[in-house]
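**Q** Going line by line, the protein sequences match chains E and V. Be aware that the first sequence starts at 0, since it is given in numbering that gives the first Met the number 0, and climbs by one per residue. Be aware that the second sequence starts at 0, since it is given in numbering that gives the first Met the number 0, and climbs by one per residue.
There could be a bad hint or two in this list.
Ranges of calculated distance between the beta carbons of each label pair, as one might list FRET restraints [as the list claims (entries may be wrong)]: (1) 99(E) <-> 200(V): 25 to 35 Å; (2) 135(E) <-> 325(V): 55 to 65 Å; (3) 604(E) <-> 10(V): 21 to 31 Å; (4) 297(V) <-> 140(E): 15 to 25 Å; (5) 346(E) <-> 304(V): 43 to 53 Å; (6) 470(E) <-> 35(V): 44 to 54 Å; (7) 623(E) <-> 276(V): 33 to 43 Å; (8) 300(V) <-> 273(E): 22 to 32 Å; (9) 81(E) <-> 304(V): 53 to 63 Å; (10) 646(E) <-> 100(V): 44 to 54 Å; (11) 325(V) <-> 633(E): 29 to 39 Å.
Using 25 Å as the maximum straight-line C-alpha spacing, the simulated SDA-like pairs for lysine to any residue come out as follows [what the hints assert, rightly or not]: (12) 583(E) <-> 235(V); (13) 67(E) <-> 11(V); (14) 399(E) <-> 82(V); (15) 399(E) <-> 233(V); (16) 16(E) <-> 470(E); (17) 38(E) <-> 298(V); (18) 182(E) <-> 470(E); (19) 110(E) <-> 63(E); (20) 82(E) <-> 134(V); (21) 110(E) <-> 250(V); (22) 705(E) <-> 231(V); (23) 375(E) <-> 648(E); (24) 705(E) <-> 298(V); (25) 56(E) <-> 298(V); (26) 501(E) <-> 465(E); (27) 182(E) <-> 110(E); (28) 549(E) <-> 648(E); (29) 11(V) <-> 134(V).
Source of the hints: derived by calculation from the structure; they are not laboratory data. C-beta: ideal position from N, C-alpha, C; glycine also.
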Amino acid sequence: MPDYKWPDATRRALMGKRHSRIDGPDKVSGKAKYTQDRKLPDMLYGRIVRCPYAHAKVVSVDTSAAEKMPGVRAVTVIQGPGKEIHWAGDEIVAIAATDENIARDAARSVKVVYEQLPHFVREEDLSEAGSQIKDPEEKTEGDPDKGFKEADVVSEGVYGLPVITHCTFESHGSLNAWEGDDKLLAYISTQAVSDVGSGYAQPLKIPAANVHILQDHIGGGFGSKFSTDRWDVEAAVLAKKAGKPVRMVLDRDEELKVAGARPSTFARVKVAAKKDGTILAWDSTSWGTGGLTGAGAPPLPYCWRIPYRLKHYAVATNIGPSRAWRAPNHPQACCITMGALEDLAATLKMDPLDLFLKNIEMTAPRANLYKEELLKAAEMIEWKKKWHPRGDTTPGHIKKGLGLSIHTWGGRGHVSENRVTIHADGSVSCELASQDLGTGTRTVIAIVAAETLGLPISAITVKIGDNRYPRSGASGGSTTVGGVSASTRRATVDARDLLFQKVAPALNADAAKLEAVGGRIQVQGDPTKSMTWKQACARLGATPIVATGKCIGGRDELTNQGVGGAQMVEVAVDTETGIVKIEKFVAVQDVGYLISLKTAESQMYGAIIMGISYSLFEEKIMDPTTGRMVNPNMEFYKLAGIGDIGRIQVHMVMNKEQDERGVIGLGEPPVVSPGAAIGNAIANAIGIRVPNLPFTPDRVLAALEKRGGLS
Amino acid sequence: MRAFEYASPTTKEQAVALLGEKWGEIEVLAGGTDLLSLMKDDVAQPKRLVDIKEVKELQGIKYAPATGLRLGALVTMQELLENPAIKKEYPALAQAADGITSPQIRNAGTVGGDLCQRPRCWYFRDGMGLLAQDAKGRPLVPEGENRYHAILGNSGPAYFVNPSSLAPALIALGASIRIFGPKGPREVGAGEFFVTPKTNGEREYVLKPNEIVTDILVPPAAGARNATYEVRQREALDWPLAAAAVALKMSGARISSARVVLGHVAPVPWPAPEAEKFLAGKTVSEQVAQDAGASALRGAKALSQNTYKIQLAKVAVKRAILRAAQGRV
Ligand SMILES: Cc1cc2nc3c(=O)[nH]c(=O)nc-3n(C[C@H](O)[C@H](O)[C@H](O)COP(=O)(O)OP(=O)(O)OC[C@H]3O[C@@H](n4cnc5c(N)ncnc54)[C@H](O)[C@@H]3O)c2cc1C
């Protein structure tokens with residue numbers, strides 16, 4: 000039985016260390032090609048006519064002017080007369096033309112008559128939602144009534160997160176070309192190279208095997224790019240009609256309006272506790288929207304096993320559909336829970352860190368880990384030195400405060416298969432139909448392969464982004480690193496062992512006694528009996544070694560799930576303007592067996608920046624009268640810039656215990672806590688809770704006003 | 000973007016001759032940082048663009064202590080920012096330009112364009128008109144998303160805010176705008192340049208469709224302490240939520256006379272004569288600056304979502320006064 004186990008710290012040359020991402024030079028030099036960079040000869044440009052109303056019925060569609068326009072090559076009606084439209088921006092007609100401007104002109108010339116219907120786009124105030132509210136989901140665990148009866152204090156609060164968008168820097172899109180009648184080639188910006196093809200096959204009525212998917216690089220997905228979208232399929236339809244490839248790429252405003260949104264959640268919470276800080280019970284009423292279907296209930300209370308009673312209302316709105324957003328439901332649940340607990344600590348006049356530590360057993364099964372992480376984070380931010388009770392009493396209008404949060408996520412590796420080839424010239428390739436979302440997947444694969452084969456990282460060629468390679472799962476749920484590292488490990492161990500068998504006779508040794516280290520194959524511990532990697536591979540002659548390795552997902556022992564993580568932040572609030580600045584942000588994170596330290600840290604930074612951004616700036620703002628998004632641009636859909644993020648420090652928990660868990664994903668967990676930690680820090684600074692994100696000047700000033708006037 | 004005719008005249012006479020009688024059909028193109036986005040969004044649909052960048056006489060910065068400052072309309076924000084005389088004599092202008100924290104926009108955007116740029120009201124930018132209304136003719140802003148809209152001069156039908164960061168500083172400094180049209184040159188005070196439109200077809204300034212801004216003239220600062228303070232949420236490129244420019248003529252430690260002009264709070268840059276009166280004769284202190292802010296905003300009336308802007312505008316006035324008094328750039 001080959002030994003696939005992850006080598007421990009004493010036996011690894013590359014894993015767990017800092018290496019620059021292998022596609023970095025391609026990206027910074029512009030050599031890396033994204034879907035939006037793709038061009039094919041005679042390519043046409045696609046354009047969608049979108050409904051301007053939030054709720055309407057299509058009465059008639061007249062495309063005749065567009066069809067007559069010089070340069071227009073194909074027109075299709077997507078949703079014709081009689082169709083009910085439920086959000087502004089939904090697709091009505093698709094057009095392909097020889098250049099972008101003609102496509103736009105043609106789109107403008109399409110005459111659609113609508114019958115406008117009433118719409119609803121604002122769910123923040125539940126009392127205004129009326130019949131849009133669906134039947135509540137209710138759930139009770141333990142005996143919350145007993146807790147409330149026995150309580151010395153009950154803390155109450157309101158917390159909320161609005162709908163935000165994914166705002167991927169590369170907007171959604173694809174370039175679609177037919178090869179013959181029933182074979183489609185699609186360059187598509189996707190998180191699911193292996194699986195996205197079926198989204199074309201069904202509506203186009205072609206065998207899934209005939210859809211060839213290609214993607215080298217992607218400019219962000221965050222959960223919004225798992226499947227084909229209607230505009231992709233329509234582009235393929237246009238391409239067939241026109242007999243030419245069609246590229247359909249969304250404009251920024253389309254991207255923000257229809258290509259991805261995170262559901263909102265608002266909650267009224269009551270938490271009961273004893274005077275000594277023992278947490279007893281939780282009661283919450285929450286609501287939120289993910290568009291027409293409402294939004295699922297967030298997992299409250301989050302991370303803490305408190306006896307609870309929950310009521311959640313999904314509210315149907317005409318804001319457009321939601322999609323999985325990096326750690327679906329967790330940032331919402333986290334913000335509400337950690338906010339309520341920090342408010343409880345303030346009511347008890349307790350340091351929230353002490354409250355967390357006192358009740359830490361309620362975070363089982365990771366209580367010890369959380370404790371360790373909280374203490375480490377506290378040390379990094381000098382919590383005990385800097386923390387003060389609610390309301391900074393330092394004179395002047397700048398008030399500082401500290402906030403904390405913990406989070407969790409699954410992150411077990413997905414099903415993955417990697418085909419490794421060792422060629423006679425010594426080169427090595429890994430082939431798997433995975434994708435690198437910018438997370439460092441290529442780099443991770445190369446590191447695992449290089450480590451196993453005793454080679455430098457540069458010796459490995461990683462081929463991903465083509466669905467003709469062996470299948471590897473979609474990149475969602477932080478499952479990629481576990482999946483591809485396990486399949487790569489098994490494939491390379493098998494390939495290496497086959498090579499050992501080939502060269503064992505020449506080294507006069509037992510194949511089982513060989514090792515691959517430092518670019519050589521040698522008898523374990525005996526460098527005198529060795530040959531270079533090149534010499535070894537030369538013995539392969541005309542037949543390269545090909546081995547495939549799998550990650551089976553579910554019970555795979557090379558990967559695991561269930562991380563913790565603690566984050567703390569210091570903010571400075573200008574109480575005259577309500578402007579919040581991040582002073583310092585610290586994050587401590589476990590991830591099991593860590594393969595690539597630098598790209599892991601980079602994930603942390605990216606997640607925290609994204610977290611700061613949704614905490615301070617982001618909001619999909621809907622106009623109640625028109626039902627349209629008023630800020631579908633990068634000017635008023637505000638994102639944090641480099642000057643807005645303060646100092647960020649991350650610490651990865653790396654030790655034997657973590658090593659023994661196996662590889663766990665990291666893409667999502669660090670984005671969960673920032674909203675909670677920042678909200679708590681603001682409350683600590685200014686002495687009152689700002690209920691809803693994002694913490695913009697208007698909201699902060701309104702809270703200060705409520706506290707009893709401005710400073 | 001729709002197809003258009005493109006003209007590139009080399010004299011202001013040629014430029015004006017290429018312009019038309021009606022707004023919207025022919026547009027002046029300077030740096031293009033605003034106009035081109037309006038065209039891409041199909042809000043502006045000109046049939047012809049008259050690119051004035053080759054009109055050399057519209058370029059250049061001239062400063063002389065006796066006569067003051069002359070800015071050609073084509074001076075870029077970056078040139079303005081880097082000019083040592085402006086930094087020293089007119090920090091209010093340099094600070095305003097510095098607030099446009101995008102080097103790309105500062106390098107391409109011109110001072111003439113900054114004055115003539117169109118409002119950022121999101122209903123206007125969504126193609127619903129500058130005085131956006133619903134199908135029944137009711138204005139959209141008061142009932143709608145108005146967090147960035149006007150708190151002064153907002154009795155309708157205009158609710159947008161004037162976007163120019165330079166304008167409040169120029170008005171506070173007593174600048175005038177030189178205009179050229181078919182009948183030759185004319186000059187208006189910077190404060191008189193801006194007007195509140197009453198119908199969707201009107202513009203926010205007194206230019207006629209066939210006129211261009213050629214120069215901006217700023218009288219000698221003559222020792223007047225001046226400063227701009229903008230309240231912006233982000234360090235990254237962001238619009239001010241409120242801004243104020245002040246110019247204080249001092250006699251010793253006392254203010255002999257003051258100009259206070261608010262930005263981003265009304266459809267036009269908004270002079271605050273009450274604050275000016277209040278400041279005359281006072282010695283600058285934190286309290287005096289704060290009270291001046293309060294008097295500047297006495298007439299303010301919030302829409303449904305922008306009460307906070309009243310506070311921010313007060314703070315802008317206060318901090319602009321303190322900054323001017325400190326004489327720090
Ligand atoms: C995200 C963003 C943030 C910004 N933030 C700020 C800010 O904080 N403060 C601020 O002040 N600005 C800000 N700007 C706006 C920027 O300063 C303007 O776009 C720029 O100054 C316009 O100059 P331009 O030469 O590019 O004008 P153009 O785009 O060429 O023209 C703008 C308008 O002015 C007219 N015009 C230009 N020159 C003349 C002339 N000489 N005579 C008559 N009409 C003329 C044009 O016809 C057009 O209608 C921001 C812009 C963006 C995109």
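**Q** Does each hint hold? Answer for all of them.
**A** Do the hints match the structure? See the list:
Range check, residue 99(E) to residue 200(V): Cβ separation about 30 Å, and the 25 to 35 Å hint holds. Our hint of 55 to 65 Å for residue 135(E) and residue 325(V) holds, since their Cβ atoms are close to 58 Å apart. Here the CB-CB span from residue 604(E) to residue 10(V) is close to 54 Å, at odds with the stated 21 to 31 Å. Evaluation of the 15 to 25 Å hint for residue 297(V) and residue 140(E) yields a failure: the beta carbon distance comes to about 56 Å.
For the pair residue 346(E) and residue 304(V), the supplied restraint of 43 to 53 Å is violated, since their beta-carbon distance comes to about 31 Å. One distance hint, 44 to 54 Å for the beta-carbon pair residue 470(E) and residue 35(V), holds here, with the actual separation near 46 Å. As the Cβ distance of residue 623(E) to residue 276(V) is approximately 41 Å, the hint placing it in 33 to 43 Å holds. With their beta carbons about 50 Å apart, residue 300(V) and residue 273(E) fall outside the hinted range of 22 to 32 Å.
One distance hint, 53 to 63 Å for the beta-carbon pair residue 81(E) and residue 304(V), is violated here, with the actual separation near 38 Å. Hint check: residue 646(E) to residue 100(V), Cβ distance near 20 Å, so the stated range 44 to 54 Å is violated. The supplied range of 29 to 39 Å is met by residue 325(V) and residue 633(E), whose beta-carbon atoms lie about 35 Å from each other. Under the criterion of a C-alpha separation no larger than 25 Å, the hint pairing residue 583(E) with residue 235(V) is consistent with the structure, at around 18 Å.
The suggested pairing of residue 67(E) with residue 11(V) is violated, with an alpha-carbon distance near 41 Å, which exceeds 25 Å. In summary, the hint linking residue 399(E) to residue 82(V) is not supported, as the alpha carbons are separated by about 37 Å, beyond the 25 Å threshold. A C-alpha spacing of about 18 Å is found between residue 399(E) and residue 233(V), which places the hinted pair at or below 25 Å, so the restraint holds. A C-alpha spacing of about 28 Å is found between residue 16(E) and residue 470(E), which places the hinted pair above 25 Å, so the restraint is violated.
Distance hint between residue 38(E) and residue 298(V) is unfulfilled; the C-alpha atoms sit about 58 Å from each other, more than 25 Å. In summary, the hint linking residue 182(E) to residue 470(E) is supported, as the alpha carbons are separated by about 19 Å, within the 25 Å threshold. Between the alpha carbons of residue 110(E) and residue 63(E) the distance comes to roughly 9 Å, so the proposed pair stays at or under 25 Å and holds. At roughly 23 Å between alpha-carbon atoms, residue 82(E) and residue 134(V) fall within 25 Å of each other, so this suggested pair holds.
For a cut-off of 25 Å, the pair hint linking residue 110(E) to residue 250(V) is broken: about 68 Å separates their Cα positions. In summary, the hint linking residue 705(E) to residue 231(V) is supported, as the alpha carbons are separated by about 23 Å, within the 25 Å threshold. Proposed proximity of residue 375(E) and residue 648(E) is supported: the alpha carbons are some 12 Å apart, at most 25 Å. Pair hint residue 705(E) plus residue 298(V) holds up; C-alpha atoms about 23 Å apart against a cutoff of 25 Å.
Under the criterion of a C-alpha separation no larger than 25 Å, the hint pairing residue 56(E) with residue 298(V) is inconsistent with the structure, at around 46 Å. In summary, the hint linking residue 501(E) to residue 465(E) is not supported, as the alpha carbons are separated by about 31 Å, beyond the 25 Å threshold. The straight-line distance between the Cα atoms of residue 182(E) and residue 110(E) is roughly 34 Å, outside the 25 Å bound, and the hint therefore fails. Distance check on the hinted pair: residue 549(E) and residue 648(E) sit about 35 Å apart at the alpha-carbon level, beyond 25 Å; violated.
At most 25 Å may separate the alpha-carbon atoms for a hinted pair to count; residue 11(V) and residue 134(V) exceed this at roughly 42 Å.
In summary, the structure is inconsistent with hints 3, 4, 5, 8, 9, 10, 13, 14, 16, 17, 21, 25, 26, 27, 28 and 29 from the numbered list given earlier, while agreeing with the others.
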